[in-house]
Structure formats: structure tokens, C-alpha cells
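Given the sequences, and given the hints that come with them, work out the whole structure.
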Amino acid sequence: MKIGVLGMQGDIREHIQALRQLDCDTQIVKKLKDLKEVDGLIIPGGESTTITRLMKLTGIWDEIKEMAKEGFPIFGTCAGLVVLAREITNAKEQETLGLLDVSVERNGYGRQINSFEAEIEVEGLELPVRGVFIRAPIITHVGDDVKVLSSHRGRPVLVAQGKVLAATFHPELVKGESRIHRLFVEMVNGK
Amino acid sequence: MERHGTWTVKKGLAEMLKNGVIMDVTTAEQAKVAEAAGAVAVMALERVPADIRKEGGVARMASIQKIREIMEAVSIPVMAKVRIGHIAEARILEAIGVDFVDESEVLTPADDRYHINKHEFKVPFVCGARDLGEALRRIAEGAAMIRTKGEAGTGNVVEAVKHMRQVMDEIRRVKNMPDEELVTYAKEIGAPVELVYEVKKLGRLPVVNFAAGGIATPADAALMMMLGADGVFVGSGIFKSKDPEKMARAIVAAVLYWNDAKMLAKVSEDTGSPMPGKAVEELAVKMQERGW
Numbered sequence: 012m013k014i015g016v017l018g019m020q021g022d023i024r025e026h027i028q029a030l031r032q033l034d035c036d037t038q039i040v041k042k043l044k045d046l047k048e049v050d051g052l053i054i055p056g057g058e059s060t061t062i063t064r065l066m067k068l069t070g071i072w073d074e075i076k077e078m079a080k081e082g083f084p085i086f087g088t089c090a091g092l093v094v095l096a097r098e099i100t101n102a103k104e105q106e107t108l109g110l111l112d113v114s115v116e117r118n119g120y121g122r123q124i125n126s127f128e129a130e131i132e133v134e135g136l137e138l139p140v141r142g143v144f145i146r147a148p149i150i151t152h153v154g155d156d157v158k159v160l161s162s163h164r165g166r167p168v169l170v171a172q173g174k175v176l177a178a179t180f181h182p183e184l185v186k187g188e189s190r191i192h193r194l195f196v197e198m199v200n201g202k
Numbered sequence: 025m026e027r028h029g030t031w032t033v034k035k036g037l038a039e040m041l042k043n044g045v046i047m048d049v050t051t052a053e054q055a056k057v058a059e060a061a062g063a064v065a066v067m068a069l070e071r072v073p074a075d076i077r078k079e080g081g082v083a084r085m086a087s088i089q090k091i092r093e094i095m096e097a098v099s100i101p102v103m104a105k106v107r108i109g110h111i112a113e114a115r116i117l118e119a120i121g122v123d124f125v126d127e128s129e130v131l132t133p134a135d136d137r138y139h140i141n142k143h144e145f146k147v148p149f150v151c152g153a154r155d156l157g158e159a160l161r162r163i164a165e166g167a168a169m170i171r172t173k174g175e176a177g178t179g180n181v182v183e184a185v186k187h188m189r190q191v192m193d194e195i196r197r198v199k200n201m202p203d204e205e206l207v208t209y210a211k212e213i214g215a216p217v218e219l220v221y222e223v224k225k226l227g228r229l230p231v232v233n234f235a236a237g238g239i240a241t242p243a244d245a246a247l248m249m250m251l252g253a254d255g256v257f258v259g260s261g262i263f264k265s266k267d268p269e270k271m272a273r274a275i276v277a278a279v280l281y282w283n284d285a286k287m288l289a290k291v292s293e294d295t296g297s298p299m300p301g302k303a304v305e306e307l308a309v310k311m312q313e314r315g316w
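Chains as they are written, first to last, in our numbering: chain P, 12 to 202; chain R, 25 to 316.
Derived from the structure by calculation, the hints contain no laboratory data.
Keep in mind the model is a prediction, meaning the values are calculated, not measured.
Ideal Cβ placement from N, Cα and C applies to all residues, glycine included.
A portion of the hints provided could be inaccurate.
[Unchecked claim] Label-pair ranges, simulated between beta-carbon atoms:
1. P:G70 - R:D294: 18 to 28 Å
2. P:K158 - R:K286: 35 to 45 Å
3. R:R115 - P:K158: 30 to 40 Å
[What the hints assert, rightly or not] Here are a few chain P residues that sit away from chain R, every Cβ distance over 12 Å (derived from the structure):
4. D22
5. L46
6. K47
7. D73
8. E77
9. M78
10. E81
11. S114
12. R117
13. N125
14. E137
15. K186
16. R193
17. E197
18. G201
Here it is in C-alpha cells:
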């Protein structure tokens, strides 16, 4: 099993490191052909406008939409979640993949000065996860098929729908934390 | 409980900018062009470095009104510059909610001995450096991101290359150094020994390191990525070029395709003329020499 990290822009290295802790084979996905070699894909944190532009430039955008129809597993963090969402309430003109039935508000908590860390409870995990929220989006609405695995201040922060997993925070930025990535690896493994 | 302005949160924003291009802008319209082209952040300025160089005088923090206009125009992070050591300018930028403060040698220094104690701020800072010692001194003061200085406003990449090579060379040396040599080495380069140990352990700087100062073409940007930069700042290079939109898009693509020569050739094909350049020997002021 090999898991790809989308290599357009953002904190690619941190996701690779988290996957290595789980002894996963990893691959940075920069071209269409890289996508064919992986069993699942992580869309990292970064700037969603930049990542979207570059995914279109490389042709990865359309290919992922096709692959997702066949149940290709995808995990997005922060910007990755924004890219996956059905719509962005405060940037309607920004196109999204629409693979996750949620509405998001970009930079929902405000600017960088409002970025924060907080302990969050995650369904199925015994101990809380240190959630790092950086200019994070807020999920304002979830569809009926979306399962909420964790909430903070009454808003969903970790959600799953079929083979799509998405977090508004950055588990990859916490050293030694690999439990959220493990959820994704299990999803790829079909558990 | 929510914790704001922690080291993880400050350094984390810099991590999100990696493999990206940060563009200097002087108006809301330019900021929109930069965002549409794929910039990961914009630097709000009164004048781009090439004009600061030409016009001379004292270069200060941009006007609040201008920074606010730019913040309202785009959804990507907005950075702004303060003079080296100007604690009050930095507090003002923090108060208006700028996402990143650049304590920059491109502006006229306010303090000829000391930089700002950046640990006291909740907003993250980026600072310039020409070598490992300077980079680690800035990190010791709380910088959450480093950019190699180069020579801003010249359109000449030679100093950017020199500084990136210098930092990378020193990191490689530290990596291979036995522990007993680290204390003496830290003393020689004027850096805190704890940070030198950390560089040895990580094999890189403990924070993100971008290239800056003289990047004017897609090939320049790719070169800096080849030398190990985490991303690039493009100052005058975008909006002093003939066709800023095309140049901006091409430089963003070049940072993605830095190790793919065929794609680099393709993105370099139709960019319009780059900004006019200046040889280092022609310069009356070397901005890189500011900072201590």
C-alpha cells in the first residue's frame, strides 16, 4: 500500500513524516502519472486558491474527480478540506471538488491572530488530540451522509463521508501525533 | 481552552506557505492579480524595493489605510514590513490584524543595534539572513520564518544565490560536525548553541526558509528551489515586469516544476520582459548589510 501526498503547495513534508511513523510507503504527487501509483491521497494544508490553481494546471483536478467516483480515498487537512468541500459560503466564485457534502467558511475564525491550539475529543480515540487551527475554515453545514468525528465550539472539525476524511485542523503539525493519519490508513485498507 | 499566538501556531502559518510564492504589492488591484495568479501570500508595501532604491529617503512601514485596503481585497495571508527594531510599527501591524510581519532590511532601520523581541508578539515574524549565524540569531529573537536576504530591488539573483548557498553550506557542515565542536562553532558564528544543536538534529533550519532579493524570472525562482529554498519572495520582479499577470503565473508554475526542465521551458516561454536588472557593482546602497 502506498499513500500519496499532493505536492502542489503547502506542508507536504509534515504529512510524509506522519505517514512514515505508520510505516507507510509514501509518494509526493506532482503529476498525473504519480496519481496512478498511489492507493490514497492526502491534500495538505496550504493556500486553497494556490492548490486549486495548480491542480487544474497539472490536470490532477479532473482526474481526482473521476477517481473519487470509484471510491479513491482522500484525506484533506485545512486547505485540503476547503478544496474537497461542496461549497465555500464566503467565496462562492472559488471552484471546489465537491467530494465532501459540507459547506465551509474560509478563514472562519478570522485572520492569523485568531489562529489557536486546543485539545479536541475525537470519536474512537481514548485521549484528546492537540488540534492546531491556522486561519482555519469553519464547517457551517454537513450533509446527511457526512459523519462528524469531532467538534470544537459546537462546530464539526473532523468529518468523514465514504472514503473521504477531512479535518479543519492540522494533525500533521503535531510531532508524534499519527492517530488521525491512522484513521485514513485504515480507510485506505478498507477497514 | 484555546491558546493563541503559540510557537506552533506562528511557525505553522509559515509551514502552510511552503512551495509557494509571496509577492510584493502596492495596491489592492495588484493584490488581486497576485492572488489570481496563485500567490500564497502578498507583502503590502508603499513602494516596491526597486522604487525605494531609486527614490532614496527614509523608507517606513506602509500606510495603515493601504494595508487595510489590501487586506480587504484578498483572502490569502497579508504580510507587511516594519523597520528593523521598530517595536511600535510592529505593534500597530499586529493591532490591525496583519497575518505576518517582516522585520525588513528593505526599509530604513530604526535601531542600529537591536532587532525586535519577536517572542512577545502573537503575530508571527519573518526576518532576513545572509548566513546561518544571522538566521539563528533572528530565530532566537522569535522569528517564525527566515528569508535569505539577497539584494532587493535589483532583479539580480546573484546575492540571493550567495546567501542561500552560504546558509545551506553551513547547515551541511553542522550536520557532519561532532558534538564537541558545536559550542566553538556556535561562538564563531554568533548563534545560540541550543539552536546549532537543533540544526544538527534536524539537518535544516528549525523554521521555514524562503529565498528573496533579486528573483526576476521563472528560472530564477526554480534556481532558488534547486538550492534548497522552501519557497520564494518576489518583490519588484512581478509588478516591474512588462506583463505582471503572465510573469506572476509563470513564477508560481516554476516553483512547482523546479525539477522538471521541460515544464520549466514551457512556463518560461511566454512571460514578457522581466524587470530591468542592476549589477551589484552599480549599487550605492546595499540593503543586505542592514541587520545585526
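Against the structure, the hints:
For P:G70 and R:D294, the Cβ-Cβ distance of about 19 Å falls inside the hinted range of 18 to 28 Å, so the restraint holds. Checking the proposed 35 to 45 Å range against P:K158 and R:K286 shows it holds: the Cβ atoms sit about 44 Å from each other. Checked against the given bound of 30 to 40 Å, the beta carbons of R:R115 and P:K158, roughly 44 Å apart, lie outside it. With a minimum CB-CB distance of about 4 Å to chain R, P:D22 fails to clear the 12 Å threshold, and the non-interface call is violated.
Non-interface status of P:L46 relative to chain R is upheld: no Cβ of that chain comes within 12 Å, the nearest being about 15 Å off. Its beta-carbon lying about 17 Å from the closest one in chain R, P:K47 satisfies the requirement of being farther than 12 Å from that chain. Distance check on P:D73: its Cβ is at least 17 Å (rounded) from any Cβ of chain R, clearing the 12 Å threshold; non-interface status holds. Once the 12 Å rule is applied to beta carbons, P:E77 is consistent with being away from chain R; the minimum gap is 22 Å.
The claim that P:M78 lies off the interface holds: its Cβ sits roughly 21 Å from the closest Cβ of chain R, which is beyond the 12 Å cut-off. For P:E81, the shortest C-beta to C-beta distance to chain R comes to about 26 Å, beyond the 12 Å cut-off, and the non-interface label holds. Remark: the non-interface label on P:S114 is consistent with the geometry, its nearest Cβ contact in chain R lying 16 Å away (cut-off 12 Å). Once the 12 Å rule is applied to beta carbons, P:R117 is inconsistent with being away from chain R; the minimum gap is 6 Å.
The claim that P:N125 is not at the interface with chain R is violated, since a C-beta of that chain comes within 12 Å of its own (minimum 7 Å). The beta carbon of P:E137 sits about 20 Å from the closest Cβ of chain R, which is more than 12 Å, so the claim that it is off the interface holds. Not every C-beta of chain R lies more than 12 Å from that of P:K186, the closest at about 9 Å, which undercuts listing it as non-interface. For P:R193, the requirement that its beta carbon stay farther than 12 Å from each beta carbon of chain R is met, with the minimum near 21 Å.
Remark: the non-interface label on P:E197 is consistent with the geometry, its nearest Cβ contact in chain R lying 26 Å away (cut-off 12 Å). Listed as a non-interface residue, P:G201 keeps its Cβ farther than 12 Å from every Cβ of chain R; the least gap is roughly 31 Å.
Hint compliance for this structure: hints 3, 4, 12, 13, 15 are not met, and every other hint is.
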